[in-house]
Amino acid sequence: MPKCKYDWPEAGERKLIGTRISRVDGPAKTSGKAKYTYDVKLPGMLYAMVLGSPYAHAKITALDTSAAESMPGVKAIRKIQDVGAEIQWAGDEIVAVAAESEDIARDALDKIKIEFEQLPFLVNEEDLSRAGDHAKAAGTEKSGDPDKAFSDSDVVIAEGYYGIQTITHCCLRRTGAWRSGPPRTL
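Counted the way the working numbering counts, the sequence shown spans residues 1 to 186.
You may find that some hints are simply not true.
[What the hints assert, rightly or not] In silico DSS-like pairs for lysine-lysine, Cα to Cα no more than 30 Å straight-line:
1) K75 with K41
2) K41 with K79
3) K136 with K41
4) K75 with K29
5) K15 with K29
6) K75 with K59
7) K79 with K29
Just so you know, the hints here were simulated from the structure itself, not pulled from any lab data.
Could you put the whole structure together from the sequences, leaning on the hints where they help?
This is the structure in structure tokens:
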């Protein structure tokens, strides 16, 4: 595999580093004149919002969308998961609502009544046997010569607890589009 060259150009050869570069969209964004997708309001446009799970692991035991379905301005409700479904992560989508306005969609989410049976969930990965059949074997990826790297290093710290924060491949979302707080009970 060819190695990439990451060297900076010599100072005399640099064209962009150290120079002031104006962004084409800078004036529009800083003045508030830029139009974003959220600013687009088309005739007949619908607004969608999603009811997400407040629990990391739970089973849906009851779900009633009838009050939301009968609201004026609500055009569609889709159950993504129904009674009996097992939720695997907080924020997991349960019901989607499409309405004539953002306020109506938010109010419709508030009218959905749902009950959960909370289930245990694993927070610390030190004992994966507690995860049962939800555990996945760790993969190994090795490149280079780790033994040589350790022997050539000035300092080696061989023992310690190493971990990282939660990483998700999902896109960011507007938290206002997700109903928060305790679920409404039947």
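Evaluation of the provided hints:
{"no.": "1", "hint": "K75 with K41", "in the structure": "17 Å, holds"}
{"no.": "2", "hint": "K41 with K79", "in the structure": "26 Å, holds"}
{"no.": "3", "hint": "K136 with K41", "in the structure": "45 Å, violated"}
{"no.": "4", "hint": "K75 with K29", "in the structure": "34 Å, violated"}
{"no.": "5", "hint": "K15 with K29", "in the structure": "26 Å, holds"}
{"no.": "6", "hint": "K75 with K59", "in the structure": "27 Å, holds"}
{"no.": "7", "hint": "K79 with K29", "in the structure": "38 Å, violated"}
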